[in-house]
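Q: Could you build all of it, start to finish, from the sequences and the hints given here?
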Amino acid sequence: MRGGPTITHLDDLDWHDVARQRLADGRVVSIREKWFELGPRYVVFYSRWDPGALGPLHGHTGDHSVFILEGEITVGDVVCRAGSHLMLEWGDMFGPMEAGAEGCLMYGVVAGNARPFLRSNEWAAFLAERGAEELPVAFPEMPAHLGPDTPLVNPTE
1232 MRGGPTITHL
1242 DDLDWHDVAR
1252 QRLADGRVVS
1262 IREKWFELGP
1272 RYVVFYSRWD
1282 PGALGPLHGH
1292 TGDHSVFILE
1302 GEITVGDVVC
1312 RAGSHLMLEW
1322 GDMFGPMEAG
1332 AEGCLMYGVV
1342 AGNARPFLRS
1352 NEWAAFLAER
1362 GAEELPVAFP
1372 EMPAHLGPDT
1382 PLVNPTE
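Every position in the sequence shown, counted from 1, becomes a number in the numbering used here once 1231 is added.
Simulated from the structure, these hints should not be mistaken for lab results.
There may be inaccurate statements among the hints.
[Claimed, not checked] Computed beta-carbon distance windows for the label pairs: (1) Thr1237 <-> Ser1351: 17 to 23 Å; (2) Gly1270 <-> His1316: 18 to 24 Å; (3) Asn1352 <-> Arg1253: 18 to 24 Å; (4) Gly1307 <-> Arg1253: 37 to 43 Å; (5) Trp1246 <-> Ala1375: 21 to 27 Å; (6) Leu1300 <-> Ile1238: 35 to 41 Å; (7) Ala1332 <-> Ala1356: 22 to 28 Å; (8) Tyr1273 <-> Ala1313: 21 to 27 Å; (9) Tyr1273 <-> Val1368: 20 to 26 Å.
All residues carry an ideal CB built from backbone N, CA and C; glycine is no exception.
A: This is how it looks when you write it as structure tokens:
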């Protein structure tokens, strides 16, 4: 127990690039996140997707709630506009994802350590289909439970 609430203002958090792509039209787009919490029991994030930014079909190790605050994002074949809520249980996957013409701002909570899992062959095919390429990002140092040595889990393969 913390003995009371932890209160954090969005302006006090740093942006972290978590993904970057070069699109077919030559634009470089990013997905950036601010993390309110990065604990082993839950992760709370605020995420800004540039217009056209892409995300893979993926899931996280924990139940996952996302609320679209601004803009829109297409998830699979469904356009999710501001005010849309997405809910996934542990093991569920969603995507692929593509931010709309004005980008997308979202707030999310994962009940669990949030370690991602995906089908990398499908992600590569999705990028190729759109003429996009994944670019490297300097990912920040993560807590041990989210680090590179933590094995990825894919309950669907």
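Q: Starting from the hint list further up, note which numbers the structure goes against and sort them upward.
A: Per hint list: 1, 4 and 6 violated.
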